[in-house]
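J.: Chains as they are written, first to last, in the numbering used here: chain Z, 1 to 400; chain H, 1 to 292.
What the hints contain is simulated information worked out from the structure, not anything from laboratory work. Fair warning: there could be bad hints in the mix.
List time: in silico EDC-like cross-link candidates among lysine to aspartate or glutamate, alpha-carbon distance up to 16 Å [said to hold, decoys possible]:
| id | chain 1 | residue 1 | chain 2 | residue 2 |
| --- | --- | --- | --- | --- |
| 1 | H | Lys89 | H | Asp104 |
| 2 | H | Lys233 | Z | Glu305 |
| 3 | H | Lys207 | H | Asp242 |
| 4 | Z | Lys218 | H | Asp71 |
| 5 | H | Lys233 | Z | Glu309 |
| 6 | H | Lys51 | H | Glu132 |
| 7 | H | Lys166 | H | Glu178 |
| 8 | H | Lys199 | H | Glu48 |
| 9 | H | Lys89 | H | Asp71 |
On a predicted model such as this, the values are computed, not experimentally measured, just so you know.
In case you want the letters, here they are:
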Amino acid sequence: MLSVASSAAPLAAPLRAFDPGTALRTRLTGFAGFLRANGFALGGADAVRVLQTTLRTGVLDGLVLRWSLKALLCGRGDEWRRFDALFDSYFLPPNRTAFTQSESVATSALDTAQAATAGSPAEPAAASGQGLAEDAGTGQARHGASREESLLSTDFRDLNRCEDARGIEALMRRFAQRLRHLQLRREARFHHGRRIDLQGTIRRSVASGGTPLRLAWKERRRVRPRLVLLLDVSRSMSPYSFFYLRLARALCAELADVYCFIFHTRITSVAQALRDPDPWRSQERMHLLAAGWGGGTRIGECLSEFNREQSARLVHSRTGVIVVSDGYDTGEPRLLAHSLQVLRRRARRIVWLNPLLHQPGYSPQSQGMQAAMPHLDLLAGGADLADLERIVADIIESLR
Amino acid sequence: MNEVLGLQRELQGAGYIAEPALAAALLLMLDLGRPLLLEGDAGVGKTEIAKALATVRATRLIRLQCYEGLDVHSAMYEWNYQRQLLAIKLLEHDERPAALKEQDIFSERYLLKRPLLEAIGCEQPPVLLIDEVDRADEAFEAYLLELLSDYQMSIPELGTVRAVSKPLVVITSNGTRELSDALRRRCLYQYIDYPTFAKELAIVEIKVPQAAGRFAQQVVEFVQSVRRMELQKKPGVAETLDWAAALLRLGISTIDDDGAERILDTLSALIKTRDDRTAFTRDVVARIAASC
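In isolation and in its complexed conformation, chain Z is listed as follows (with noise of 0.2 Å):
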């Protein structure tokens, strides 16, 4: 504690009296302060070495120093395509002031936000009693209804609903545990198994002066399918749109490998706001992607999107995708059906999610679903827990 304080001390000084050094030792240290709350992921340790860098560079040449910290301090693509505006806000004083004080609205406005539902989570284990029974169905009809008038700000309150907050985190644990059982093929040293390790059991023979005394085996590596969702969250399926998204959460918290996007007329990657461990947090990120919930769909605009954006990087053959949506589209079907072919050539499996399929009426003859049907691995309904419950295992067995 002692050494904190006095290592602190320096810091504090600026406000007694006026010293360049240590002015430009808080501005810089400053600045990985400041970087973190615009969301870069640094630490206390990152402050320490913005200063060992500008030991070397130096700070008369504000462009070296850019370059320098801009390696130093991001980590991935988009904080590399933000840092540089950053920089400029916070060493380039006008636009600084502006800035910084939004941010800090924006954050202390999140830490209210907090404060105030931080009773909540007591509430599930009370709930989830009946919560489970309830149907996940009607209940979310009646948030898409109450959401008819204000469509263009959706709201996102509904992620973090309590009421089977239960039933589908269990759902999805079982989902995760199943998947984990699916073999593909690769080999990894094994302590029994049907095939010889012959290159293990030449090195176990060492022990035994040459003589293969005890044999290693081979067995097939148990790796999980990747996992690609993407939700269709467009008007006609808002009774479900929520519904999923929460199934999807509580699978990103599952397993590691999935990766979520939603889509309406455009393709937007949730992954990381699902994942966000503060439920509040994460509810105020949807809400800044969610630009176009509700409105209508094109889902081959939105697939080809995706085929073209993302899918060398994520599809591969080991990647199951799971595609939610009722079908109606207004966009080309011949390009819907050439999206699909183009995904399935590049992914394991192709898995639709239809919630409206065990309706009674209903049959898929929707434009989009007809031209659909051809390149799927398995269509499936799944209008609420119960539904999905149902046909896990044939999702299951069609990931195999």
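Dock chain H against chain Z, hints included.
T.: Frame of chain Z, contents of chain H only:
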């Protein structure tokens, strides 16, 4: 600034055109002794950076190509079992005590050094290129982290091997999998984009010296327009160079819409998937060529 420009010039001498920002990051990497993580699309020249750096520093380049299922035995070390067995047979008639024999069998002579062990064993710090780290699985990434933090590794039979010198580590990733935050935090970071017109022109001029002046400009202009199209696989810098060489080989020295037929014949150097190839009809090529 002079240092940055100096390194930039040296890299150019080694055949690599780098932006000053990249040169600054490389300098920082040499200064701080931290690994450099390079991300970007395939074909933007990430691997070349490591090669150029090795040339500039006049040191060895040790390359570890990652793939799914890469394990300790192929990345770090393995015992040469066959030689050990032979040695055991030969030592059977040796009168020395067993403990000594064992020591002999598990000595460095029977150790097969894989890239990582080799890199930390060099007198002069080599450039260690860990290529496409996103293809290896998470377990290997964790192992790598351990190596990158203390530059030592433990071999049960031999004990701990400490780095003789700290290698210059360059890690590349195509982003097929999200890397762990821990790895990102330990590295300096550089995102490499497709080159701008001026940069690509400089690259073509340095790598394909026969393509001079107007022709080189047209080639680069053509490739840059192709990259703006919606393709499954955008051509990288290597494709540009191949294509320029292919054009020269066929004796094409100017790109215009009259020569669209002949350009079509060479497109196999530039366009690598069937779907993309069907998008390039004679008209499309003629239109792009006319605008160059």
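J.: Indicate, hint by hint, whether the structure satisfies it.
T.: Right, here's what the structure says about each hint:
no., hint, result
1, H/Lys89 x H/Asp104, "holds (13 Å)"
2, H/Lys233 x Z/Glu305, "holds (14 Å)"
3, H/Lys207 x H/Asp242, "holds (10 Å)"
4, Z/Lys218 x H/Asp71, "holds (14 Å)"
5, H/Lys233 x Z/Glu309, "holds (10 Å)"
6, H/Lys51 x H/Glu132, "holds (15 Å)"
7, H/Lys166 x H/Glu178, "violated (27 Å)"
8, H/Lys199 x H/Glu48, "holds (15 Å)"
9, H/Lys89 x H/Asp71, "violated (30 Å)"
When each numbered hint is compared with the structure, violations occur for hints 7 and 9.
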